[in-house]
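Student: All chains, full assembly: derive it from the sequences and hints.
Residue-level listing of the chains:
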Amino acid sequence: MSTPALDGTAGDPGRTVRVVIVDDHAIFRSGLKTDLDPRIEVVGEAGTVEQAIEVIGRTRPEVVLLDVHLPGGLGGGGREVIAGSAALRGTTKFLALSVSDAAEDVVAVIRAGARGYVTKTISGAEITDAVYRVAGGDAVFSPRLAGFVLDAFGTAPADIADDELDKLSARELEVMRLIARGYSYKEVAKELFISIKTVETHVSAVLRKLQLSSRHELTKWAAERRLL
Amino acid sequence: MTTVPVRPPLVRSSDRVIAGVCAGLADHLGWPVRMVRIGMAVAALAGGAGLVFYAWLWIMVPTADESAKRNARRPASPIAPAVSMPPNRPAAVDPLLRTGAYPPDYPAGPVPPPSGGSVHAAGPGGYTPVAGPAPSAPYDAGTPSQPLGPAAVAGTGAWFRVRNMRYGKEILLGAGLLLVAAILIARLLGAEVPLGTLIPAAAILGGAAIAWMQLDETRRAGLVDKTKADQAGGWARLAAGLALVVAGVLVMVSGSGSWEQTWLALLASVAVLGGVALVLLPWGLKFWRDLEAERAGRVRETERAEIAAHLHDSVLQTLALIQRRAANEHDVVRLARAQERELRGWLFRDPARDAGQLSDRIKAAAAEVEDGLGNAVDVVSVGDTAMTDRHEALVQASREAMLNASRHGGGPVSVYLEISVGGAEVFVKDRGSGFELHTVPEDRMGVRESIIGRMKRHGGTAEINSSPDGTEVRLKLPATAEDNGEGKS
Chain B
67 MSTPALDGTA
77 GDPGRTVRVV
87 IVDDHAIFRS
97 GLKTDLDPRI
107 EVVGEAGTVE
117 QAIEVIGRTR
127 PEVVLLDVHL
137 PGGLGGGGRE
147 VIAGSAALRG
157 TTKFLALSVS
167 DAAEDVVAVI
177 RAGARGYVTK
187 TISGAEITDA
197 VYRVAGGDAV
207 FSPRLAGFVL
217 DAFGTAPADI
227 ADDELDKLSA
237 RELEVMRLIA
247 RGYSYKEVAK
257 ELFISIKTVE
267 THVSAVLRKL
277 QLSSRHELTK
287 WAAERRLL
Chain X
-4 MTTVPVRPPL
6 VRSSDRVIAG
16 VCAGLADHLG
26 WPVRMVRIGM
36 AVAALAGGAG
46 LVFYAWLWIM
56 VPTADESAKR
66 NARRPASPIA
76 PAVSMPPNRP
86 AAVDPLLRTG
96 AYPPDYPAGP
106 VPPPSGGSVH
116 AAGPGGYTPV
126 AGPAPSAPYD
136 AGTPSQPLGP
146 AAVAGTGAWF
156 RVRNMRYGKE
166 ILLGAGLLLV
176 AAILIARLLG
186 AEVPLGTLIP
196 AAAILGGAAI
206 AWMQLDETRR
216 AGLVDKTKAD
226 QAGGWARLAA
236 GLALVVAGVL
246 VMVSGSGSWE
256 QTWLALLASV
266 AVLGGVALVL
276 LPWGLKFWRD
286 LEAERAGRVR
296 ETERAEIAAH
306 LHDSVLQTLA
316 LIQRRAANEH
326 DVVRLARAQE
336 RELRGWLFRD
346 PARDAGQLSD
356 RIKAAAAEVE
366 DGLGNAVDVV
376 SVGDTAMTDR
386 HEALVQASRE
396 AMLNASRHGG
406 GPVSVYLEIS
416 VGGAEVFVKD
426 RGSGFELHTV
436 PEDRMGVRES
446 IIGRMKRHGG
456 TAEINSSPDG
466 TEVRLKLPAT
476 AEDNGEGKS
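Protein chains in written order, with the numbering used here: chain B, 67 to 294; chain X, -4 to 484.
Read the hints as simulated data drawn from the structure, not as lab findings. No incorrect hints appear here.
Listed below are the simulated EDC-like cross-link pairs for lysine to aspartate or glutamate, each with C-alpha atoms no more than 16 angstroms apart in a straight line:
no.	chain 1	residue 1	chain 2	residue 2
1	X	LYS358	X	GLU387
2	B	LYS186	B	ASP90
3	B	LYS186	X	GLU335
4	B	LYS252	X	ASP464
5	X	LYS358	X	ASP379
6	B	LYS256	X	ASP464
Away from chain X, derived, C-beta distances all over 12 angstroms, residues of chain B:
no.	residue
7	ILE93
8	ARG95
9	ARG105
10	VAL109
11	GLN117
12	THR125
13	ARG126
14	GLY138
15	GLY139
16	GLY142
17	GLY203
18	SER261
Positions of the beta carbon are idealized from the N, C-alpha and C atoms, including for glycine.
Tutor: Here it is as structure tokens:
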């Protein structure tokens, strides 16, 4: 699946980014390594939860490309890796990679602390962009993740009375809608007459709400979307 | 019962005077309806035999609808429809089909899920994925125990077997009634029939039969579905059987004694039974648990077999096809996309949700376009609603927009569907070089008629936004037809 939301506007593209690839399929890891831009330095690989926590702790990468489903540990997969690397929070960022379309998986790993979610079928250039964006502190939303967010938070804008974590503001809704429609950040900025930086701020705000909102509908929604 | 039945099954016909019995019977026997009706009427005059026979058939023979429901099998899982089905329109994009790259049995329709687990369990192991012309043919042919596919429903064997099994109860009941008739005739002829013994014995037998049937049925039901919806009925039947047996035993044993004695005996036997139950309880529980574990294992095995069968029918076939088409990148991508979509649908399907919602239809349209033109069409949907006629128009317009985007846009097409209380909106975006609506020739019906005209006719709006970076078609269908949605977007 393509994620046209990712375009070449990610910050600071000149520098090298150190990443760790965590995926239980060696074929996928090596394929991803060759697909990634040469500016991205793969400093470690891991195939299980334990290995991942160990490798991440040792190499301290800027970005971890993290598969949602991983063997080992307590069965928590990618979530467990993020929880196990809590000491590095702030310096190491996680970008979730998955073949799963299940809302539960995606929302779970985002709520665990991942800065974005992309599907495994996106191109090397797109994933490189996503890595830079995450390394720069921004969130990476694929159209599908934006769709999940809209589905979970509802498509009506927040009232003033609502807890601000529980609903998206009108602007955030607009941004999410455009991303779900396949707009890149740049196109969203153009469409709404705002700067790319503002778009990034909105997306990060949505990510924060997605991670922090305690609203019960979100959990209920994910449970209803329990697909397996 | 050993002849192959070529006649239609005995069902009550919808062409009815009273309950459709005569017509159904005539149909079944191949006799003229009028004759059967007259015969029935004449028989009714003969001591009411015809009436009894009619009532009997009325009760025992299902109507055509009920029979169809009985015979309905679980819907076959949608195995590799995308891969196996030829894209119905542009034949040119699918050279595979014409070169016969698909196994001959491939488009023969979905293969039903297996029921005879052990056969399919050997699937991936026993099956060597040769890229031969018909890898699955011997495999499928070797599983006669699995339910027959749709094509074979009309076949005679399955019907015969099903009927044979289903009507066991009726046959038993008929035998019982015949026995009663024999006894009555014997009494009429003056023979001494020990009714005092026979009735309790019959009660015991009947009770036991009811209880045992129940056992058989719950086991069957437990294997088929674990919802156990008719558990209450099962318990009622068990209780009825038990009551019959106890009553029969009581009458038989206490034939001579007084009521008080019987009472005491009953108490004593209940006490003895209780004691025995107490002693045997741990053993019984252990046995029960073992049984449960074994059953769970069997269910798992069945599931595994179903997964194996599915993977065989879809993924392995596609991989074989991909190996054969490795030189043609377009075909490989198309096959991989179709298989991915199919597998996703199979893995993440929600059996509780009824199909045919608007989002399903939009996704199906996207899949169709993707199959036909080989260009990725990604659908993101928010919310859902049941289909209406107006939604049908929306689906058609969306399909047209996707076709245009896929054909002229190039690159992946993004489709976003949002359904809220206000109505439904569909956005179809491509990344082509764009076009100007007024430059589209008048005779090009695609955009003007199929998209804009269609949406307007159904009270919706269509907007086309084209720039050098791509084109986006925005379709909007307000929830109510009165609101033309013109003042909105």
